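Using the sequences plus the hints, can you model the full thing?
This is what each chain is made of:
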Amino acid sequence: MPLPFHPPYLDYHALAPEIIVTVVLAIVLVADLFLDRPQKWLLSNIAGFGLILAMAPILSLALSPHDVRSMVGGAYVVDNFALVLKALFLGVGYIVLLMATNYVEEGDYYEGEFYFLLLSSILGMMVMSSARDLITIFVALETLSIPAYMLAGWRKRDLKSNEAALKYYLLGVLASAVMLYGMSLIYGYTGTTVLSRIGEQMHGDAAHQPMVTLAILFIIVGFAFKVSAVPFHAWAPDTYEGAPTPVTAFLSVASKTGGFVALLELIFVGFFGRSDVWGPLFGILAALTMTVGNLIALRQTNIVRMLAYSSIAQAGYILVPFAIAGSNGGAAAHTAFTATVVYLLVYAAMNLGAFTVVIAVARKTRSGEISSYGGLYEYAPGIAVLMSVFLFSLAGIPPLAGFWAKVFVFRAVLDAGTSWAVLLGVVAAVNSVIALFYYASIARQMWMSPVPDGDRTPIAVPTSLVTALGITAAVVVVIGIYPQAFAHFGDLASLVP
Amino acid sequence: MLTVAVFLPIVGAAVLAFIPRQREEMLKAVALLVTAATTIVGISLLFGFDYGDAGHLQYQVNHGWIDVINSRYHIGVDGIALPLLLLSMVITLLCVIYSWDHFPEPHNPKAFLILMLVLETGMNGTFAAEDLILFFVFFELVLLPMYFMIGVWGGPNRQYASIKFFLYTLFGSALMILAFLALYFKGGQTFDIPELIAQGGTIAHGTQLVIFGGLFMGFAIKVPMFPFHTWLPDAHTEAPTVGSVILAAVLLKLGTYGFIRIAIPILPEAAKSWAPWIGLLAVIGIIYGALGCLAQRDMKRLIAFSSVAHMGFVMLGIATLTNFGINAAVFGMVAHGLITGMLFFIAGSIQERFHTRELARLGGLLLQAPRLGWILGFCAFASLGLPGLAGFWGEFPAILSAYQPAAGLSELTFRVYMAVAAIGTVFAAGYLLWMFQRVAFGTVKAEFESAHIHDVHIPEYLAWTPLLLGILLFGIFPHLIFHMTDQAVGLVTSSVGAVSSAAGR
Amino acid sequence: MLRNAWLIPLIPALAFFVILFFGKRLPRKGSEVGIGALTIAFVLALICAGQWIGKETPREAAHAHHTWFTFGGTDFGFGIHVDGLTVMMLVVVTFISLMVHVYSTGYMHGDRRYTYFFAALSLFTAAMLLLVVSDNTLQLMIGWELVGLCSFMLIGHWWEEGVNSGAAIKAFITTRTGDVGLMLGIITLFFAAGRNFDIEHLNHAALTGEIGHGTLLVGAALLFLGVMGKSAQFPLHVWLPDAMAGPTPVSALIHAATMVVAGVYLVARVYGPFFVGFSIDAGGINVVALIGAITVIIAAALAFVQDDVKKVLAYSTISQLGYMVMALGVGAWGAGIFHLFTHAFFKALLFLGSGSLIHAVHSNNMSEMGGLRKKMPTTFWTFIVGSVALAGIFPLAGFWSKDEILLGASKNGYPLMLVVGLIGAFMTAAYMTRACYLIFAGEYRGHAHPHESPPSMAWPLRILAVPAVLAGLLNAPGIGLFNKWVEFDIPGVQPFLHEHDFNYGLAGLSLLVALAGIGAASAYYFRGAFNGISDRIPILKTGERILVNKYYLDDLFLAIIRGIQYPVAKAAYWVNQNVIDGVVNGMGKGAQAGAYLVYDVIDQRVIDGAVNGAGLSAEEGGSILRNVQSGRVQQYAAMLFGAAAVLAVGLVFLT
Amino acid sequence: MLAETMVAQNIVFGILAVTMVAAAFRLVTTQNVVRAALFLAIVLAGAAALYILLAAEFVAWVQVLVYIGAVVVLLLFGVMLTRAPIGRESDLDNDQRWLAALVALFLLGALGAVLADAFGDDKIGHITIRRTAEVSDSIFGAYVVPFEVASVLLLAALVGAVALARRD
Amino acid sequence: MYLNEFLMLAAVIFCLGVYGVLARKNAVLVLMSIELMLNAVNINLIAFGAFRDNVIGQVFALFVITIAAAEVGVGLAIVLLIFRNRADIDLDELDLMKG
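Chains as they are written, first to last, in numbering that gives the first Met the number 0: chain B, 0 to 496; chain L, 0 to 504; chain D, 0 to 654; chain Y, 0 to 167; chain F, 0 to 98.
Check the hints yourself; a few may be wrong.
[Claimed, not checked] Partial list, computed: chain D residues near chain B (C-beta under 7 angstroms):
id, residue
1, Ala63
2, Ala642
3, Ala643
4, Val645
To be clear, the hints were calculated from the coordinates, so they are not data collected in a lab.
Keep in mind it's a predicted model, so treat the numbers as computed, not measured.
Each residue gets a CB set at the ideal place from its N, CA and C atoms; glycine is no exception.
This is the structure in structure tokens:
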């Protein structure tokens with residue numbers, strides 16, 4: 000006897016952003032077939048337009064009165080947190096698009112496929128920010144990763160690019176395998192994949208058996224890889240160096256953020272009861288990540304590679320709030336969560352900005368060596384100033400956005416107030432000083448050193464890059480001066496139990 | 000009103016940014032205009048100020064700023080902040096004037112002036128801020144322009160000096176911000192300085208000590224106090240003239256101001272426990288700086304070390320936690336600002352004329368440029384604390400106050416400090432006169448006999464006269480400053496419970 | 000007028016600024032301004048004196064006090080306190096200064112910094128007057144320091160020669176060293192007197208036992224340090240002879256009326272703490288008297304061996320100051336002041352005289368003078384008068400004042416001081432005789448063509464000669480006006496200083512001693528008796544050598560300065576550069592010029608590493624960690640799984 | 000449920016388990032790439048059989064179709080395209096074999112211990128035979144979103160792979 | 000049947016996969032090893048599904064299978080790309096970037 004099939008309730012308003020992006024990526028793919036080389040430039044515009052278009056439903060959702068829209072048994076939720084991050088991903092995607100336009104065009108790489116993959120990856124991220132269920136998270140993760148693997152190898156004829164792709168792919172797959180194993184155990188223990196239900200079963204003695212511990216650990220490892228936390232960071236520098244710079248920017252910001260989003264959901268909804276596991280774990284990861292990242296960054300001569308390590312270190316700062324979120328009964332959970340989200344927003348802007356500058360400069364110097372930045376200020380003052388802004392923001396010098404990000408982190412730390420937390424805070428503080436050294440050394444190159452090859456012809460920066468620079472710089476400075484902006488996003492920590 | 004005073008310069012900087020760098024005259028004119036306007040605003044503040052109530056904040060502005068962390072845009076000035084605020088305004092104005100026709104290499108007035116204006120906003124803001132986060136933002140805002148000023152327009156060793164200055168101060172600030180946040184959570188979830196002062200006393204003593212330690216690192220490095228001073232000589236030696244002037248005249252004051260405005264009133268008990276050690280470092284600094292001076296060959300470096308000594312007096316005054324001491328400290332800050340600023344100006348002009356600062360090669364300045372020479376003499380005497388000139392009122396009361404520190408501090412310890420500090424004044428006389436003799440007296444060295452050395456010229460006169468007048472004026476009418484500071488200081492020390500020992504009897 | 004005595008310092012001060020800014024444009028290059036101002040000031044001073052004397056006894060000191068500024072709940076006032084002592088000082092200072100001004104128009108004629116010189120003179124006078132009229136220690140200290148400043152400016156007037164500027168610095172630093180004591184003393188007494196700088200209040204408190212003896216002793220002792228510096232008491236007297244590097248009129252001003260007597264004045268003014276602190280009335284011996292005594296003898300002895308006429312006078316000044324201090328030390332307050340009074344005149348006279356000589360022979364050395372009696376009659380006569388007065392021969396000024404000191408010493412129970420005083424008298428007479436002999440007697444040994452000085456210089460000499468002769472009579476037995484005009488009385492405190500009536504025996508004795516001195520010296524020089532005695536008797540020889548070398552004190556001090564201060568400074572700087580700075584940079588770092596070669600390497604490494612304290616280690620750490628990044632993907636994978644496994648075990652055990 | 004079925008189940012499982020482990024072991028040790036592919040096929044087939052044993056036919060068939068039908072073939076193509084020599088080949092392993100073994104065993108130990116501790120001797124009791132419809136229902140019901148997204152993912156993988164692999 | 004029978008089997012296969020990934024030089028073999036690991040996961044899922052007596056396990060497994068296939072495809076594409084540029088696929092030759 001056939002069972003009646005009850006189609007699930009789907010809130011299409013809530014799904015609108017994803018749907019739009021899906022449609023657009025389909026259009027891009029199709030259009031790619033019918034356009035011949037000269038008109039390919041259209042594609043990027045279509046994609047960009049699509050991303051902006053997808054913002055519209057996000058706004059309408061944000062303004063709509065009823066703010067938590069839960070679907071399919073709580074497996075897919077659109078709330079404030081989800082909206083903010085979707086917006087972030089769209090924004091990042093748009094900037095990366097701007098960075099890539101000329102790059103892809105001039106490097107005569109496949110354009111249609113490039114934008115298509117970019118969009119699908121972004122789609123994965125958007126799904127991730129709403130996913131509240133292991134399966135959905137897994138699918139979203141793969142959706143954002145797999146295109147990224149291929150994008151990393153997009154400079155097909157370049158060995159470094161190939162190598163980057165392979166390393167990223169292999170380690171990525173391994174990490175997700177480990178994560179899956181962990182997920183399977185969690186499912187085996189709870190019999191469900193919905194995070195909220197898992198969360199309910201994370202209390203009591205049964206929840207404290209080693210198996211659960213192991214499972215949680217494996218899952219975290221899977222994402223620790225994504226956010227390139229030491230000791231799971233090894234792929235990052237190589238991949239970043241090899242991949243096409245816009246893709247690098249994308250990886251270092253978007254997919255990293257994706258990983259953090261997943262972690263936030265898993266930890267705060269799913270495993271919050273087991274802070275005894277992930278608290279110390281994140282503590283170790285954070286300390287290692289900050290320190291190792293910064294120390295190695297000190298020794299880099301290639302700017303992309305240096306930025307790679309810097310972004311590792313930054314991930315370390317972002318991990319700090321996780322470490323203390325559970326201490327003394329999750330007293331500081333709320334501030335910690337907020338700190339992470341804020342840091343992610345700010346980090347996206349400043350890191351993208353820095354990478355945009357790298358692309359712009361490379362257009363002239365054709366080199367990624369830090370030494371090639373000598374005397375940049377003399378022939379490209381604008382770029383030099385912007386770069387300084389981004390770098391010092393990364394270093395956390397007020398009144399730039401990066402400073403507030405760090406303040407939020409420190410605030411969370413002291414809110415928890417345990418001696419371990421404070422110790423971690425001091426480590427972070429010291430690290431921020433170490434970091435300043437290599438950021439400042441680039442500034443030094445740009446401002447105080449002579450031009451290596453007396454060539455002082457100014458850099459021709461295409462409009463798209465100018466736009467990208469404009470947006471990122473604006474964000475960094477405006478937030479720097481008016482951090483209150485965050486308040487307008489409503490409660491960012493809508494996941495905290 | 001106050002907001003204008005703080006942000007006018009940075010607006011000016013923004014304007015400058017849109018003027019093509021070729022239009023130098025215009026750039027300079029705008030910069031001059033802005034700084035002058037700022038100063039005028041400052042002066043009007045001065046006139047609008049209610050001296051009868053100098054103890055309390057005036058011109059307060061208190062808007063919500065970052066509700067997320069409950070930090071507010073709260074500014075205001077009391078008798079302590081006002082003179083320093085004006086100092087920074089005037090100094091910047093004069094620096095603009097001074098650099099009118101000689102910008103250091105690489106020329107580029109546009110960038111230079113922009114930096115100077117940003118710097119001014121930072122300094123004014125720090126003196127006006129009444130909210131820890133706001134304070135910190137301005138406090139740090141000062142770093143970058145100075146970093147670039149030293150690093151781009153500085154001397155041969157500039158890169159090292161600039162990065163050292165930068166990292167050093169930032170290290171302090173890193174711990175400072177932690178301390179601030181700790182205050183936030185321990186002191187009733189607010190960054191508002193007045194509120195914290197009201198509640199600070201309630202924090203447990205142990206916690207206070209730790210937090211104070213954080214603050215101490217932040218401020219002591221900026222001052223700079225004895226073991227943390229090593230960035231200063233490098234920074235000063237390498238910095239362009241104007242840079243050194245601002246650095247000496249205003250930046251160092253940020254640290255001491257921090258002690259008076261934040262550390263002591265909010266954490267009185269910790270302050271008491273720390274005071275003897277601060278005092279110790281202070282007097283060590285006095286002697287140490289003086290000895291450092293005696294071993295110098297480079298004029299600018301000598302003046303830099305003298306700053307260490309002078310700030311030692313200021314810190315000694317602060318360490319006593321008495322009305323006398325802290326009044327003296329504030330006065331000392333202003334005086335040191337004027338005098339040392341002047342000395343650096345002169346050092347700059349001398350280097351400009353002789354292309355060297357080596358004492359061994361200079362001499363007979365009085366013969367070639369008598370006015371310059373006598374101005375130098377004047378400043379040297381002002382700096383060694385000659386009564387009737389500004390320097391004296393920073394020095395003498397500080398020593399005076401050490402005779403009888405706040406209740407609860409060991410009198411014996413501080414009397415020893417007093418004696419040492421007093422001996423320090425002799426050293427001061429020693430190295431300053433020695434410097435003066437080498438530079439101004441005697442006959443011209445052979446290598447410069449033929450050199451045409453022009454005497455003080457117009458921009459220099461314009462830039463210097465106010466300072467010189469100030470030195471004389473404050474020397475003769477210390478009241479001009481004390482009547483601002485006294486009440487405010489009274490409130491500070493009252494939190495330490497030192498009023499009884501300071502005002503009474 | 001007494002209440003407006005503040006005008007007296009004010010006028011020269013104004014003159015200073017006028018001369019400074021407009022002097023060069025004036026017809027007489029500013030000298031007229033100075034002289035005019037001083038004349039007015041002098042007249043005003045005389046008026047004050049008149050009014051003071053005119054007051055009905057007991058004379059009430061005139062006060063005028065204004066709050067200058069207040070902070071720390073304390074009133075820092077400025078004001079004047081005019082009593083006999085003040086008036087006396089006002090008169091003396093203005094008078095001498097006026098003379099010096101006039102004299103200088105001739106002496107400094109054509110000097111490069113003529114105008115500037117007069118400006119400095121005016122300021123100097125103003126500062127001294129400020130010191131004199133001030134009613135509180137703070138203000139007094141300000142005047143005190145300003146005096147020091149001016150002495151620096153004037154002693155170093157001819158700063159082209161390193162010697163002069165050196166002397167100027169020496170003077171300033173030495174006195175400043177004493178001033179440390181002064182400052183601390185003032186502070187101590189400030190708190191002791193209940194946060195009050197007022198001098199009269201201080202004296203009152205001290206004498207009525209409001210302040211503990213211990214505190215007073217400390218305070219007074221500290222103050223006395225300042226006195227020793229300013230009034231060139233042993234062992235801080237070394238600066239004074241060098242100060243002769245300044246132009247002679249300056250020396251006159253410094254040594255006769257102003258700077259050096261400031262110390263004596265201070266003791267006299269703040270006598271309460273000294274009296275009680277050192278328990279002077281106990282008799283026997285005390286620090287003040289002792290220092291004074293030592294100074295008397297030592298300086299007098301030094302005066303013997305000088306060839307530079309000004310140095311002779313300088314040492315004689317020191318020894319006379321010793322007299323004054325000793326007088327105050329033995330409680331003979333009036334005597335001390337009186338000696339200050341008389342001494343001012345004849346010493347000024349002597350200095351100006353010597354200046355006139357130098358002006359004539361273009362040399363300070365008596366070995367290049369001789370036989371000037373005919374050539375310079377005015378100078379000769381006035382100089383002789385001065386010398387006789389100084390030697391203390393009846394009835395000239397010196398006789399009376401010195402006699403009173405001896406009287407005080409004997410009556411207040413200081414026999415030792417009495418002896419010292421007599422020996423001093425002998426020596427004084429002797430060395431002045433020697434000086435006069437070398438200058439005026441015999442044949443002219445110089446090369447220039449000496450001639451009498453211009454009237455602008457001659458007249459001051461003549462004028463000064465008058466008080467040098469008569470001033471002493473003020474206190475002659477039966478007259479004794481001075482002690483009535485100038486007396487130390489604090490309202491509310493019954494007089495504790497008792498004046499003693501003239502004692503013929505003692506007076507006779509001192510006169511005899513003085514004559515003996517003259518006799519001996521004349522025997523030595525005019526008659527050539529015991530010629531080369533010092534060559535024959537080794538002890539005397541060594542004695543002479545020691546004297547010639549000023550007891551090697553200068554060398555000692557130089558040794559101290561060179562041998563201790565500079566090495567310490569160097570060492571400290573070395574520590575600074577290498578230890579502290581190094582700790583900071585994580586490696587030793589020296590930016591000191593000259594050490595570049597040594598430090599470049601370290602610099603470089605430190606810079607490349609992190610300057611932020613981790614320094615090299617951070618860098619090394621970075622390099623080591625880089626090796627983990629081998630580039631081999633499967634090693635990365637191994638790291639991934641390995642870390643996972645280890646963490647797993649760790650956590651399982653942890654939880 | 001009848002005892003003998005249980006016995007049978009156990010026997011079958013035993014055989015399957017042994018085969019799979021053996022095959023998997025050979026897979027990671029053999030020096031012949033093509034053989035390795037075949038061993039992989041064996042392991043996968045064994046897995047399929049296990050699924051049937053656990054009454055998940057649909058998954059079992061998907062396993063057979065997708066894995067053995069597609070993946071293995073794909074891999075074989077990969078082997079061919081990368082001209083790996085058919086037949087024995089000396090160095091298919093790298094020099095960190097021992098490290099690898101160590102890590103693997105360490106991991107195994109950890110997993111084994113934890114699992115043993117967790118599910119001591121829990122039995123898989125009565126197994127309800129689930130009709131494919133149920134599976135599809137929940138796929139198109141609760142898991143419709145990931146399902147849709149997965150389709151995009153497959154498309155992306157396809158397009159991307161083509162773009163990368165195609166010679167130009 | 001004991002649940003652990005299946006889990007242990009899965010664990011063994013998983014670890015063999017890990018070994019393969021770490022020890023094999025040939026990229027294709029590494030891919031195969033990865034498949035082993037994913038299969039181990041699937042076995043877990045199915046076993047748990049039966050244990051917990053719900054359908055989610057099977058669904059999860061289906062997703063894993065699908066996506067694993069996609070991954071292999073991509074992996075091969077990348078391997079081919081490299082092979083085309085370097086004419087071999089030894090993983091430990093790939094260390095252009097390090098440090």
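These are the hints, each one checked on the structure:
{"no.": "1", "hint": "Ala63", "in the structure": "violated, 56 angstroms"}
{"no.": "2", "hint": "Ala642", "in the structure": "holds, 4 angstroms"}
{"no.": "3", "hint": "Ala643", "in the structure": "holds, 5 angstroms"}
{"no.": "4", "hint": "Val645", "in the structure": "violated, 9 angstroms"}
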